[in-house]
Every structure is written in C-alpha cells, then in structure tokens.
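Take a look at the letters that make up each chain.
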Amino acid sequence: MFALEMQSVYKSFGNREILCGMNLQVRIGETMVILGPSGTGKSVSLKHLTGLLDPDKGQCLVKGEAISYTSSKKKAQLRSKLGVLFQSGALINWLTVFENVALPLREKKIASGKEIERIVMEKLEWLDLAHAKDTLPADISGGMKKRVGLARALTSQPEIVLYDEPTSGLDPVMSNVINELVMRLQKELHLTSVVVTHDLESAFKIADRISFLFRGKVLFCGTALEIQKSEDPIIQQFLRGSTVGPITQDQLKNPKTH
Amino acid sequence: MKERFKKISSPIEAMGYTVSLFLWTILELPYVFFKRKEILEQMYIAGVGSFFVVSLVSVFTGMIMGLNTGLGLRDFGAEGQIGLLLTITLTREMSPFMTSLILAASVGSAMAAEIGTMKVSEEIDALEVMSISPIRYLVLPRILGFSLMVPILCVYSSTLGILGGALIGKFQLGIDLIAYFQDVINRITSIPGLKDLYVGILKGFVFGIVISTISCSQGMRTSGGAIGVGETTRFAVVISFLTVIFFGYVLTALFYN
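Residue numbers (the working numbering), protein chains in the order written: chain A, 17 to 274; chain B, 57 to 313.
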C-alpha cells in the first residue's frame, strides 16, 4: 500500500488541460519531491491529493482509500492523516501565531484548553517560534510564516505532510532551515513527505525520490542521482536552467499554461 | 457560442451558489452557541463600522424629508403633520432601506474583500484541509452578526431621522415640538404604527441576511488574485443593492397590499 497515490488523473480548467493521465505513487515514510517547470500541474496535483479538487477522470488515494469523489465526512477522516504547508503559509491574519497553531485543535474540539496550550507550545518550541507566540502573521517574516504554517500542520499529528513550494521567496539560510526541518520530521517522526518545489538544491538535499512533471504527467521518477544522470533533453534543460530547449519550445506553443 | 453560454450560465451559477451557501449556513445553526464570541465580534464590526455614516445620513434624511413635506403641507396649513408622516415613512421604508444600502457599501464590501482575499491566499483551502468548515468558521458568524445588527441600526436610524425632522420642524417650520413628539408617540403606539415598526425591523433582518449572504458568497467564489478581489467587492455591492430593492418591494407588497 502507498501513502499517497494518483491513478491516471486528468484535469482541465476550461480548455486548458493541466493533468493528462498523471500517475504517482508515494511510499510510506519516504520524501517525494515533485519537480517540473511552471504550469505543469505540480500544485494542482497537491490539491488533488488533499481532496481540494476532484479529477475529471482517474482517482487519488490516501493510504489506499479514495479521497476523490467521496463524502465530506470521509474526506475529513482522510484529511486527518494529512498536514499541508501552503506556499504563503495561509495563516489566518487576525489570529496570533499561537491562535493559528491552536486553530485545528480548538475548532475540532480535539483537546481541552490546557492540553491545547501544551501541544501548541511543544510545536512552537520545536520549531523555535515560542518567542513569537503573541505576534500577528503580518508582523513576522516569510520564513517564520512558513514555520508557523508547518507547526499548524503538525498539531493534528499527521502521517503525511505535503509542502507547496516550502522554500520559495526565502533566503538561502532560511531555505536550509526549512530543508532541515523536512528532514528532521522524516527522521524523528517518520512522516511521509511530498514536496512541490522549483528549488533544485533543496530537492537534491531532501528527496528520497524525485518525480519530474512535464505536460501534466510524470516524465521521470527516480533518486536524485538518477535524475542527474538522465539524458532526457527536457530534464537536462530544466537541471541546467538553459533558455534553449524543449521546455522553452513548449512554453512558446502553450503560453496560457505557463 | 461557448462564450455566450458562459455569460448566461455564470450569473445563474452564482445565484445557485448563494442560495446553497445560505442553506448550508442554516444547517450550521446548531453551532451558534460555540460561535457566540465571533457573532458578537461581527455585530460590533457591523455596528461600529457604519455607526458614524448611519447617524449622519439618518439625521440629514430626517431633516430633508421634514423640510420637503413641511413646505408642501404648509400650503394646506397641515405642516404640523410632519411628525406623523416622518414616523410612518422612516420606520416602514426609509430607515431599513437606507441603513441596508450604507451597510452593503461599507461592511458588506469589506466582508466580500476579506473572504475573497482569504480565498486567493489559500486560507480557505487551509481551513478545508484542516477539516474546519469555512461556512461554520467564517460565514455563519458574519451572516448572523450582520443580520442581527441591521434591525438595531434601523431602529437607531429611524430615531435619529425623527429627531432630524424635529430640528427642522422647530427651527424652520416653527412647529410646536410637544405636538410633534405627541404625534410620533401616538403613531408608534397605535396598531398600524406597531406594524410599521415590526415590518421595518423584519425588513432590516431580511436585508441583513441578503447582503451578508451575497457578500460571503461572492468572497467564497473569488479567483484571480487582486483583480479578482476587486471584482468580487464591486459585484457584492451591486448585487446587494439590486437584491435589497427587490426584497424591499416584495416585503412591502406582502404586508401592505
């Protein structure tokens, strides 16, 4: 059984085909990085895996159970196994750092007041955020927002954590802090991770396996070493960051998707 | 052809979503007790956010209406009747209508923009992933807080309008204030006057539901970044105005026809 699975998923928005028969299997306990040029469906894949979007065709599974086209009750049950770190942190602006992290526990009435405080403070200390607990999201840096988002994702003790561009917009030092957190989570809490990123350095550092997406499906899946050795011209252009090659030609042909 | 179909289907889809959102919110009513703090916060935002404008507009509307009707009635020597006329017009029609339009433009637009921004910055997706119902967390307190506040502001607006009319009556028309307020009290305590009052309050409540549901629905359907939020806000105000006018007619016809 896989932690997460996408089976021949197709998705279009209007005339734009985003996913075209996407297949993905994420093994339990591994860190899977999803790489690929802009507009190839990385974030859309993540939305399918969390049940925020349902595919036009195909299905997505969480621990062997379908999260696509299922009841809200079943979705809620499957989502309790998931934690998501959104690109911007997606923190509620009028709540303090502490209240943001406590939000899922308070709203779902999972724990009592004292217990919530203990869990939240434990996560904040683990992520070195205890000093900022009374600060509003507008008053903290981008890196801190991402760590608060991660703390919130971890409060409901998920088995799988999905990261959408965790290092985008961060300086190299903060990017490394986030990379190390992802690795620490896997090592200490044995979590399965799916990381969507453009950041090659980060991908090679944290990935057990990398899936390379192009034109809405997985073009390559393998270890960091294997992808670096790949002779596929698309992958080679992406890794070299060259402006000439099949990716650029595709972007010129389909400007709306990029 | 596709574009034409989209132009027709899109407003119908929006209307369908707004009605569904209202029904889903009704299903969340059992959680009102747990959301009491947020509901009170929303009442405070709606009340304080529009207090100054409602006060100013109400006093001046009372003054304008008092002056116009007073000057018209003077020809018949009946300018002393403006207290009665203002009480009827303000409690029955003008205050709910005026207050609702002010609230739609100030608080409703802010509500749509706030939820719209949350939508485009993935905050609503985050709530869903955490299995927190955005309707229970965001929409229920806003609709309830707003629609409970509008009737209160309607009564407040009527009172200020009547006081504005009294000012004009005393200083420009030379009306006896005791007779003016006697007319007001007699009307309000009569059966038709009480009917005007409760119809006015009911109108305020219905308009409150309409405006807040439309604003939340527009916010929840936002896409396309900052431009999308701008459009959401504009549509929320325009649709609220039109729907308030429509419901205003329906309610008046229902109670006075």
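There's no promise every hint is true.
As the list claims (entries may be wrong) - Straight-line C-alpha distance at most 27 Å; calculated DSSO-like pairs for lysine-lysine:
(1) A/89 / B/91
(2) A/89 / A/79
(3) A/124 / B/251
(4) B/226 / A/124
(5) B/175 / A/130
(6) A/63 / A/124
(7) A/73 / A/97
(8) B/91 / A/124
(9) A/90 / A/79
(10) B/251 / A/125
(11) B/91 / B/175
(12) B/175 / A/89
(13) B/226 / A/149
(14) A/149 / B/251
(15) A/90 / B/226
(16) B/251 / A/97
(17) A/79 / A/97
(18) A/79 / A/269
(19) A/125 / B/226
(20) B/175 / A/90
(21) A/130 / B/251
Simulated from the structure, these hints should not be mistaken for laboratory data.
Hint by hint, here is what the structure shows:
| no. | hint | verdict |
| --- | --- | --- |
| 1 | A/89 / B/91 | 21 Å, holds |
| 2 | A/89 / A/79 | 16 Å, holds |
| 3 | A/124 / B/251 | 44 Å, violated |
| 4 | B/226 / A/124 | 59 Å, violated |
| 5 | B/175 / A/130 | 32 Å, violated |
| 6 | A/63 / A/124 | 22 Å, holds |
| 7 | A/73 / A/97 | 24 Å, holds |
| 8 | B/91 / A/124 | 13 Å, holds |
| 9 | A/90 / A/79 | 13 Å, holds |
| 10 | B/251 / A/125 | 44 Å, violated |
| 11 | B/91 / B/175 | 21 Å, holds |
| 12 | B/175 / A/89 | 22 Å, holds |
| 13 | B/226 / A/149 | 59 Å, violated |
| 14 | A/149 / B/251 | 53 Å, violated |
| 15 | A/90 / B/226 | 68 Å, violated |
| 16 | B/251 / A/97 | 56 Å, violated |
| 17 | A/79 / A/97 | 9 Å, holds |
| 18 | A/79 / A/269 | 38 Å, violated |
| 19 | A/125 / B/226 | 60 Å, violated |
| 20 | B/175 / A/90 | 23 Å, holds |
| 21 | A/130 / B/251 | 51 Å, violated |
In this structure, the earlier hints numbered 3, 4, 5, 10, 13, 14, 15, 16, 18, 19, 21 are contradicted, and the remaining ones agree with it.
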